[in-house]
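There are 2 protein chains.
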Amino acid sequence: MTTKAPLVVIVGGGFGGLAAAKGLKCSPVEVLLIDRSNHHVFQPLLYQVATSVLAPGQIASPIRSLLAEQANTSVMLGDVTGVDSVSKQVIVDADDKVGIRISYDYLILATGATHSYFGHDEFAAFAPGLKSLADAESLRNHLLEVFEKAEIEDDPARRQALMTFVMVGAGPTGVEMASAIAVMTRTTLRKDFRRIDPKSAHIVLADMASRPLGTFSEKLSEASRQHLVSLGIDVRLGKPVKTINEDGVVIGDERIQAKTVVWTAGVAPSPAGKWLGCEVDRAGRVRIQPDLTVPNHPDVFVVGDTASLDQGGRPLPGVAQVAMQQGKYAASSIFRMAAGQPPLPPFRYFDKGNLAVVGKNFAVLQSAGFQFSGFVAWLVWALIHIQFLAETSLRFSVFLQWVWTYLSGKRGDRLIIRQRSGS
Amino acid sequence: MTTKAPLVVIVGGGFGGLAAAKGLKCSPVEVLLIDRSNHHVFQPLLYQVATSVLAPGQIASPIRSLLAEQANTSVMLGDVTGVDSVSKQVIVDADDKVGIRISYDYLILATGATHSYFGHDEFAAFAPGLKSLADAESLRNHLLEVFEKAEIEDDPARRQALMTFVMVGAGPTGVEMASAIAVMTRTTLRKDFRRIDPKSAHIVLADMASRPLGTFSEKLSEASRQHLVSLGIDVRLGKPVKTINEDGVVIGDERIQAKTVVWTAGVAPSPAGKWLGCEVDRAGRVRIQPDLTVPNHPDVFVVGDTASLDQGGRPLPGVAQVAMQQGKYAASSIFRMAAGQPPLPPFRYFDKGNLAVVGKNFAVLQSAGFQFSGFVAWLVWALIHIQFLAETSLRFSVFLQWVWTYLSGKRGDRLIIRQRSGS
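If you read the protein sequences in the order shown, they are chains G and C.
Just so we're aligned: 168 in full-length UniProt numbering is position 168 of the first sequence, and the numbers increase by one with no gaps anywhere.
Just so we're aligned: 338 in full-length UniProt numbering is position 338 of the second sequence, and the numbers increase by one with no gaps anywhere.
It should be emphasised that the hints constitute simulated quantities derived from the structure, not laboratory data.
Some hints could be false.
The list makes no distinction among identical chains, and a pair is therefore deemed to hold if it is satisfied within one copy or across any two copies.
Below, a list of computed lysine-lysine pairs in the DSS-like style, where the Cα atoms sit at most 27 Å apart [said to hold, decoys possible]:
(1) Lys352 with Lys239
(2) Lys131 with Lys410
(3) Lys149 with Lys25
(4) Lys88 with Lys149
(5) Lys219 with Lys239
(6) Lys131 with Lys328
(7) Lys88 with Lys239
(8) Lys410 with Lys22
(9) Lys219 with Lys22
(10) Lys149 with Lys22
These numbers come from a predicted model, not from an experiment.
So here's chain G without its partners, still in its complex pose (with noise of 0.2 Å):
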């Protein structure tokens, strides 16, 4: 061995950085996998660790144990700033190094998004999103102490302020959070306090859409609409949420006090289009070509969220899914160039189907042509999420935790832990 193998930099350990990782795991090259954080992050339940179903522990793992065992991939805590795609350097923030450079062979980001508040960032101080643990970990904190809080207020519309919660954007996570919020009330906080009634909580789902769900069928929709207005939540469509502040949000002419509003809107995809200086999509998405590369840089692969690929004259979803096909495709697709085999056909997404889940014993479930909703989707719903997990354990854990909560209605981790600031 006088050569030496090709570096494969991997930028993100989110599903479509972990599984590039994973597929390069027999490929003749070293790999350099860089993340901010130290876990990876199953992020479809991170409202269940926001309304304290699950602990953190159970759907993170950390990336250094994921990546052990594969003898040529080392794994790096650090932040990304840049990209010199010229002398082929990524530059990295790391500790108290800054702007460390780092050459790489082949490059494949997969930076993932961020919240998007569409021109109004003054929203984000009052109404927090949901994409990382610390998040959830802040949201959990927050939606226990309002409880404590409205428990010992004496005056009726303060009290009823700390007790009104507003999602704003009913997509999956939208309804997954004001569902979630919603049985809370109802089962673990149900016998709990002295002088406030947690049922009475004002749970308000709002959209500009006339529906929920809308990657969803009408029918799936209307399914869940109903559901959700079934479990108490005041779902208010086709008006915009004008202002949010301190004092809550205004819905159409509607002003509504509330201590607790929750961004499910939109999403903003990384930088990453920016360190290349390629062309971008409307939404600022690097605009990738059939084998998942940039244009004019073969070497470049851009996957999962912060990529945009149309097939069939629409752009791939920002899913799970896609991101793992493509970070698989780009893994196959780097070996081949290593080994010195013909290029890969170009990238076909294929859809396994589309889930959403709405409280406890229903959800809704498309895919390949058939949808229904209830609680057999409810069921496969769980499963599926189950099975998707990292580890084995964490599939173990999980499982154990929501019969124990389906069972008592007791949640897994219902504590508020400030960290102090500093270390």
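Let chain G serve as the given structure and place chain C on it in line with the hints.
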């Protein structure tokens, strides 16, 4: 029911306060428990949260849910700032309400202890202690981060400082932390790094005393010292820690560069003595009478780590068992007063024994005249700690986690999560 039931205010939801609240379940009184956090923590296992074995939710339970079935009991999240024993009121800050006054008929102060730096408060910034879940989470983040930083550090001296861990104080917490870090470097972290070898970590356990675990017999102290050394721990006894700063510590005349220093030495009682303006011992603990009340205040009980009571010529130790037995006694005593029954005989502490764990498979145990160390003591330690957890679901969950960690070497909660400041 025309007469209002007397109100018992309990301050603190630790072992003492919780035992008192539970003991008043069937008493003809109203109970209000006030704590500044929403959860009861099983402090003896905090070090396992700090070393990523257990998740915070596995050793903590919401105080509200622990007392939800007790119809005569309310819970309040608030920070007690004083007691007015003349007008019989406690003074509480809660949310944005400062100086709320709550009148009591009986008061139980179970306000515990915090770290004491023995007059060296400047050490606090560099040598955090381990008393709350927030402390444990901060330390967990820090311990995981120093290995990440060491992995990317090129300077050998700085790398060594990142991989040096100093425990100041060789009581049970210091011994447990030092051995838990040693086990972590030899099991969980073993295969996860490419540039550093976690096993080369330098773990120092320092104490001015001439032996570790000073409350145990000399024989058991020596057995644990030998086991610590066999784990590769650098046990430094008989020399004072003179300086602690951002670079490390000075023990005797020797400087040790270390980026991690944990304060496992002294504790200081809560300010209960100041609130009451009553006699305190040298450490600042309230001198209570054999019926656990404060002299001249037959309606004020002080229990647990913040109380000072001699038995057999020696002060009772600041351990969970004492707090629990005292809390239960105070509850019975109030029950009798409220029911017009004759008073209890004076409080007697029944010492069930003393246990400390040293890493994997080894503990020391002394109880009722017999003493032993090794694997069997470790099994006893594990069983007793599981048994004393507050909820059945936690016992089950901790048991499974321990079996899993024991067999696989993997940990349950190896996550770096830094909350942003604010909410």
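message: At most 27 Å between CA atoms: does that hold for lysine 219 and lysine 239 within a copy, between copies, both, or neither?
response: within (21 Å within a copy, 76 Å between copies)
query: At most 27 Å between C-alpha atoms: does lysine 219 with lysine 22 qualify within a copy, between copies, both, or neither?
result: neither (39 Å within a copy, 52 Å between copies)
query: How would you label the pair lysine 352, lysine 239 (within, between, both, or neither) given a Cα cut-off of 27 Å?
result: neither (32 Å within a copy, 66 Å between copies)
message: Checking an output row: lysine 88 and lysine 239, CA cutoff 27 Å. Within, between, both or neither?
response: neither (48 Å within a copy, 54 Å between copies)
- request: Up to 27 Å between alpha-carbons, please classify lysine 131 paired with lysine 328: within, between, both or neither.
  value: within (23 Å within a copy, 45 Å between copies)
- request: Give the relationship of lysine 149 and lysine 22 under a CA distance limit of 27 Å: within one copy only, between copies only, both, or neither.
  value: Answer is between; shortest inter-copy Cα gap is 24 Å, intra-copy 47 Å.
message: If the cut is 27 Å between Cα atoms, do lysine 410 and lysine 22 qualify within a copy, between copies, both or neither?
response: Answer is between: at 20 Å across copies they meet the 27 Å cutoff, but 36 Å inside does not.
task: First find the shortest C-alpha distance between lysine 131 and lysine 410 inside one copy, then the shortest across copies, and answer within, between, both or neither for a cut-off of 27 Å.
output: Both ways: lysine 131 and lysine 410 sit 25 Å apart in one copy and 26 Å across, limit 27 Å.
query: For lysine 149 vs lysine 25, is the C-alpha pair at or below 27 Å within one copy, between two copies, both, or neither?
result: The answer is between: 25 Å across copies meets 27 Å, while 51 Å in one copy does not.
task: With 27 Å as the alpha-carbon cut-off, assign the pair lysine 88 and lysine 149 to within, between, both or neither.
output: between (54 Å within a copy, 25 Å between copies)
The structure fails hints 1, 7, 9 (numbered hints given earlier, in ascending order).
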